[in-house]
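Residue numbers (full-length UniProt numbering), protein chains in the order written: chain A, 1 to 310; chain B, 1 to 281.
Nothing false has been slipped in among the hints.
Lysine-lysine pairs mimicking DSBU-like chemistry, simulated, CA-CA at most 35 Å apart:
1) 197/A - 192/B
2) 197/A - 207/B
3) 176/B - 192/B
4) 192/B - 207/B
5) 88/B - 207/B
6) 197/A - 223/A
7) 88/B - 192/B
8) 176/B - 207/B
9) 197/A - 176/B
Residues from chain B shown here face chain A by an in silico Cβ test under 10 Å; the list is partial:
10) 17
11) 19
12) 26
13) 36
14) 37
15) 40
16) 61
17) 121
18) 214
19) 222
20) 243
21) 250
22) 258
23) 262
Which stretches of chain B does chain A cover? Using the computed rule of at least three CB atoms under 8 Å from a CB of chain A, they are:
24) 27–35
25) 123–135
26) 223–237
27) 251–257
The hints are simulated quantities; they were obtained by calculation from the structure and are not laboratory data.
Idealized CB from N, CA, C, for every residue including glycine.
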Amino acid sequence: MRGFLPVLAVLAAILALWVAAVAPMNARQALDVAEREGAAVTPAESRTRFETPVLTLMLRNSGEIWRGYGLERPRLPTPWQVGQELWATTGEMALEGRAFSKRSLIYHAWITLQSTFWGFALGTVVGIAGAIGIVYSRTMELSVMPWAIISQTIPIVALAPMIIVLSSQLGIEERGVPKAVISAYLCFFPVLVGMVKGLRSPTAEQLDLLRTYSASGMASFLKLRLPASLPYLFTSLKIGIAAALVGTIVGELPTGAISGLGARILIGDQFGTPLAIWSALAAAAILAGVLVTLLGWAQAVTLRRMGGGR
Amino acid sequence: MILWGAILFWLAAWAVNAALARSRYRDTRAVRLLAPVLFGLTILVLWQGLVRGLNVSPVILPAPTDVAQRIASDSGVLWEDFSQTVLKGALSGYLIGASAAVLTAIAIDRSTFLTRGLLPVGNFVAALPIVGIAPILVNWFGFDWHSKAAVVVVMVFFPILVNTVQGLSEAGAMQKDLMRTYAASYWQTLWKLRLPAAMPFLFNGFKIATTLALIGAIVAEYFGSPTRGMGFRISTGVGRLSIDLVWAEIAVAALTGSVAYGLVALAERRVTFWHPSQRKT
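Please model the entire structure based on the sequences and the hints provided.
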């Protein structure tokens with residue numbers, strides 16, 4: 001709990017900066033609204049205002065700045081506007097019993113969560129299988145490991161539209177599949193690297209001890225290498241699930257998806273409703289926080305069960 | 001026929017690699033280079049064999065040779081896109097974001113309170129899908145490369161910030177005491193001890209950020225760009241079914257990502273030659 005206060009202070013500072021930035025960002029729009037409502041604005045013409053610097057505008061019209069905090073389509077919404085929009089599309093709809101209506105963020109978060117989950121599962125399986133192969137086969141280590149590293153230097157988003165086209169040509173109608181593939185691609189690498197480290201973490205003495213017991217390869221894998229790798233596995237799973245979520249949202253962005261948080265961002269962009277974008281971003285942040293916290297909790301429980309926690 | 005040839009090549013290459021891995025040259029540099037190259041070549045040959053052998057339509061998946069031809073014939077277009085997306089968008093954003101992150105880290109480093117508060121927040125933000133702000137920034141900064149650079153700045157900022165803050169606390173108490181016995185000033189300690197000690201962490205952040213910068217620059221182009229740029233070409237190419245051009249762009253993007261990563265890794269080897277992970281065994 002000792003680290004709580006500094007974190008709160010930093011968060012408060014970020015919020016304060018955000019609120020302060022709203023005024024200059026929205027100044028021009030606010031003055032346009034003020035002019036339409038008949039308030040006296042200097043310079044009176046929209047054209048001339050466009051050419052005056054924002055700070056000059058704010059100084060000359062300090063009485064009208066407050067309007068920037070209540071715009072319907074602001075360039076930069078205030079934190080409470082985002083909070084309101086978020087509540088209106090989640091909690092309020094859930095209270096009305098429409099939690100899974102297509103306008104509700106809960107529905108879109110659920111779609112994103114599903115793809116994230118499948119991508120995470122696929123990426124974890126591929127990562128662990130690859131790590132076992134690399135630890136046990138010298139050939140795999142020599143030839144596959146460099147490509148695993150190179151694969152992460154390739155911007156996967158460049159491939160995203162292609163993966164969608166390919167999967168639809170192959171007759172896969174389900175929109176979740178390409179998204180899951182993209183998030184698995186981002187997710188497998190941290191798991192692979194962590195597991196290679198983890199499976200190699202038993203010392204030579206420990207391996208020798210098992211050999212003196214004449215343990216089979218399978219037994220020494222199950223009883224020594226696998227348990228020893230679990231702390232590493234959980235650490236990489238936490239990175240992996242965040243990467244999987246990023247992958248899903250990236251997969252939803254450029255592909256004309258109609259549901260999911262990424263699609264909300266896309267639609268918000270096309271219809272010029274910034275509040276929808278911001279609330280979808282906030283929902284994605286919350287989702288990421290919840291997923292990582294859940295995994296951290298699972299890690300604590302599992303490691304304590306195995307006698308790791310102190 | 002072609003398909004079987006490709007599969008045969010695959011088996012042969014795998015046998016060569018397995019033999020190399022068992023041979024007594026297995027730790028030499030040549031083998032460490034040859035094995036992955038063979039593996040990559042195998043994938044290309046298999047791809048070619050599958051596409052040609054099964055008569056896959058080029059609209060679905062072009063063969064590597066088609067893509068290579070396209071790269072040769074449209075190199076002008078590819079270069080234009082490359083300079084728009086990578087040189088203007090990604091590179092300028094990367095430089096601005098990286099220097100801003102390092103300077104911020106040095107600035108907040110003097111206060112333990114701020115460091116303790118910013119580290120968890122920065123770690124959390126680094127895990128968020130920040131690409132999502134691309135449409136907002138395109139809206140703010142316009143369609144040209146400035147908005148792409150802005151997206152890249154935000155994306156690379158937090159990983160580098162977190163790594164730098166961690167790296168600056170890396171110098172040990174003994175070393176700092178030694179600097180104090182030399183009557184070194186804060187800036188001297190920072191410049192001669194703590195920044196060099198932080199370099200492995202900094203480079204870790206720089207390496208993560210190279211890929212992020214490319215992703216940011218390309219995704220931001222999906223939300224509006226002038227009629228050039230890799231992201232623009234990819235999103236329109238898919239719609240116009242010129243898939244081989246899309247794959248050519250992907251090849252350029254992949255190559256750029258790998259080369260950028262390699263350059264940073266090379267610089268890391270030069271700068272942090274003293275670190276255990278860089279020592280030659």
